[in-house]
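Participant: The chain contents come next:
Protein chains: 2
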Amino acid sequence: MGGAWPEVVILGGGFAGLAAARVLERARVPYLLVDARNHHLFQPLLYQVATGFLEGPAIAYPLRALVRRGRVLLARARAVDLEGRRLLLEDGDVLPYRHLVVATGSLPSDLGVPGVGERALLLKTLGQALRVRHRLLMALERAAREGAPLSLVVVGGGPTGVELSGALAEFLRYALPRDFPEIPEARVVLLEAGPRLLPAFRPALSRYAERALAHLGVEVRLGAQVAAVEERGVRLASGEGLVGDLILWAVGVRGNPLPGLPADARGRVPTDPYLRLPGHPEVYVVGDLNGLGFPQLAPVALQQGAWAAGNLLRALRGQDPLPFRYRDRGQLAVIGRNRAVAELWGRGLAGFPAWLLWAFVHLRELVGFRNRLLVFLDWAYTYLFREPGVRVLPD
Amino acid sequence: MGGAWPEVVILGGGFAGLAAARVLERARVPYLLVDARNHHLFQPLLYQVATGFLEGPAIAYPLRALVRRGRVLLARARAVDLEGRRLLLEDGDVLPYRHLVVATGSLPSDLGVPGVGERALLLKTLGQALRVRHRLLMALERAAREGAPLSLVVVGGGPTGVELSGALAEFLRYALPRDFPEIPEARVVLLEAGPRLLPAFRPALSRYAERALAHLGVEVRLGAQVAAVEERGVRLASGEGLVGDLILWAVGVRGNPLPGLPADARGRVPTDPYLRLPGHPEVYVVGDLNGLGFPQLAPVALQQGAWAAGNLLRALRGQDPLPFRYRDRGQLAVIGRNRAVAELWGRGLAGFPAWLLWAFVHLRELVGFRNRLLVFLDWAYTYLFREPGVRVLPD
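In order, the protein sequence lines correspond to chains A and B. Its first residue numbered 1, the first sequence is counted upward by one per residue in full-length UniProt numbering. Its first residue numbered 1, the second sequence is counted upward by one per residue in full-length UniProt numbering.
Hints listed in this document are in silico derivations from the structure and should not be mistaken for laboratory results. Don't take every hint at face value.
Identical copies look the same in the list; a pair holds intra-copy or inter-copy alike.
Heads up, simulated SDA-like pairs for lysine to any residue below, C-alpha to C-alpha not over 25 angstroms straight-line [what the hints assert, rightly or not]:
| hint | residue 1 | residue 2 |
| --- | --- | --- |
| 1 | LYS124 | ALA4 |
| 2 | LYS124 | MET138 |
| 3 | LYS124 | HIS134 |
| 4 | LYS124 | GLU219 |
| 5 | LYS124 | ARG187 |
| 6 | LYS124 | TYR274 |
| 7 | LYS124 | GLU231 |
| 8 | LYS124 | VAL113 |
| 9 | LYS124 | ALA36 |
| 10 | LYS124 | ARG266 |
| 11 | LYS124 | GLY112 |
| 12 | LYS124 | ARG85 |
| 13 | LYS124 | VAL29 |
| 14 | LYS124 | GLU83 |
Chain A with its partners taken away, still in its complex shape:
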């Protein structure tokens, strides 16, 4: 490898890793950011890429363009050697560190349901979002050719499932009459195992989300536990079979731990209150991977990444670390083109005002001027003309 690498290593360029990098940039501490991908991904808008409302690069930003004082290494880590204080890379190289921030995030989990890995579509990476879009367009072409009905099944009534099923319903409402008049009928079914959608929100907002999705044409099925994903649909625990041309799996996130790190049953790594690995104060674990029990949400990842970098700076200065405190700023979920629900400052908010808030928050957080501008224009265009722009299948 060319030259010596910095002694502070951040593994992962998601929300948590980038938040840590920013703190180090401001403190002028050299660091190395290692990621298997060359971009930061704005995951909260991934479902809009999957449904053709946004282009992929609008929500992805090159890490090298974000990092100015640090360095970037495009590499996949195979394991960490905690005693030897080094990362083992998949290509055989070895990367020593003095301080390590592990921010490898989370992976979809099949929750032990058979058939998920082979037959369901996931939505966690840019590649997966583009695959969903590709499969969606191909399913429409096939249904049009055969004059057959189309059925899309989304599993999971959390924010991802709600956002995805709403966007799918709006996509179909636009695309069917104009582009695919041959398709006689198209359904979007949202399956939730529990008694209500959005269980992390207050019940009134769950009910609002259910009504708003029904208004968009989504069939919401509560108490519908999926027992298996089969060749052409899903099998419920009740024994009932549901036909689905596409099965989108929006439940079950588990930590994406690095071999060499201790992990709990959900793949998350327990830390002390300072976000450090017990027995290894030089290793910080932040974001979705952290096992302290905070929700796996972007605000937690942003705050933990910055907090860990702050403690790292304190350690460099010989100061004691501070225990992590989460400032809960609330949560949001969007339903279709101009409705959302929000929990904020202890209050519930629903409808267009919540959507405006959602749009504002996401545009503000999107990294990079170009992205903000393009996302805004894409949104504005879709909003004015109701046309999902990206309906292209690359070959």
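Chain B: place on chain A using the hints.
Facilitator: Chain B in isolation, oriented as in the chain A frame:
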């Protein structure tokens, strides 16, 4: 297949096929457009997608959104049965026709040079452009990691090679100092077998293009015939070896004939002056595939597609066909961000005025409002901030 298909079939949704479709739309004649891809591709800007200056969907538009009175079938044709008047599809289906317009375009040709198929990158489809971008970004990451020099070799001094090497040089000029300071040196080499670049233009414009490319940092090598593409570069006919981390093949286009059609040595299908297959007046062959000897350029394809559809309408009305007349409106090639050369109304034009003309012509021809707007914004952004926006590797 669902329902009966129209009796007029257009095979291929490129410039020629779409131009034919538009004439039929206006005449309210039902038709079926068959393509293996779901989008029309604006090929003249493909090199900008390859170099990250434009996003893929900005130059691709869904066929279903372009076709209102006709129908679209996403399918690959395996062969034509001229006697039986039917198309054989790759999936086994059979498509009868009464009139057929064949507009399957052209493919890159290796010109018999060994190693091209395995080791060179082509630039004819959206998928290929995205692959070039991916390989370019990966080559930069590898060179940065190893602190090694980078060499990009473009083969072919026609418009595509000139545009591509100019865009690569500008991409490197932007990206190296900001994102890849670890790379000590990067070259772009343009190889042309003949004595000058842009042989279809007047010699003064060739010399202008050579100077303008040299100004951008492109090493132009004339009289450099490639004998083989090897593991890590190219071998010239002189015996000289040239190192290349990427080899981009921008020479040699041959017709993409359909089995069942007679084709000449260059893969092109001879027709009568009315653009019809001899002995089969119900079959028209247009665009790059037509063997009448016109240049393989977008304006020819647009005019032939429309002309063939005009003759088809005349046949439906019992009128005699008209022989194809080409209205030569000139040609353009762009060199970098704000220079171009043009042959127009018998005159040569070079520099910024030619570039303005180029930008105007391309924006005017780009299909669809959204694309025009997005391409314009992408251009404006790059022009103002000099940043190729798309540097994201999807996984």
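Participant: Each of the hints needs a verdict: does it hold here or not?
Facilitator: Here is what the structure says about each hint:
Within a single copy, LYS124 and ALA4 get their C-alpha atoms no closer than 33 angstroms, and across copies no closer than 42 angstroms, so neither meets the 25 angstroms cut-off. In this assembly of identical chains, the alpha carbons of LYS124 and MET138 lie at most 25 angstroms apart whether taken from the same copy (21 angstroms) or from different copies (22 angstroms). Taking the closest pair of Cα atoms, LYS124 and HIS134 come within 25 angstroms of each other both inside a single copy (15 angstroms) and across two copies (20 angstroms). Taking the shortest alpha-carbon separations for LYS124 and GLU219, only the intra-copy value of 24 angstroms comes in at or below 25 angstroms, while the best inter-copy value is 43 angstroms.
Proximity of LYS124 to ARG187 under the C-alpha cut-off of 25 angstroms is restricted to the intra-copy arrangement: shortest distance 24 angstroms within a copy versus 37 angstroms between copies. Proximity of LYS124 and TYR274 under a CA criterion of 25 angstroms is satisfied in neither setting, with 28 angstroms inside one chain copy and 54 angstroms between copies. Taking the closest pair of Cα atoms, LYS124 and GLU231 come within 25 angstroms of each other only inside a single copy of the chain (23 angstroms); across copies the shortest separation is 36 angstroms, beyond that limit. Proximity of LYS124 and VAL113 under a CA criterion of 25 angstroms is satisfied intra-copy only: 18 angstroms inside one chain copy versus 43 angstroms between copies.
In this assembly of identical chains, LYS124 and ALA36 lie within 25 angstroms of each other by CA distance solely inside one copy; the values are 14 angstroms within and 29 angstroms between copies. Taking the shortest alpha-carbon separations for LYS124 and ARG266, only the intra-copy value of 17 angstroms comes in at or below 25 angstroms, while the best inter-copy value is 46 angstroms. Proximity of LYS124 and GLY112 under a CA criterion of 25 angstroms is satisfied intra-copy only: 18 angstroms inside one chain copy versus 44 angstroms between copies. Proximity of LYS124 and ARG85 under a CA criterion of 25 angstroms is satisfied in neither setting, with 30 angstroms inside one chain copy and 48 angstroms between copies.
For a Cα distance limit of 25 angstroms, the shortest separation of LYS124 from VAL29 qualifies neither inside one copy, at 31 angstroms, nor across copies, at 46 angstroms. In this assembly of identical chains, LYS124 and GLU83 lie within 25 angstroms of each other by CA distance neither inside one copy nor across copies; the values are 32 angstroms within and 52 angstroms between.
Taken one by one, the earlier hints fail for this structure at numbers 1, 6, 12, 13, 14, listed in ascending order.
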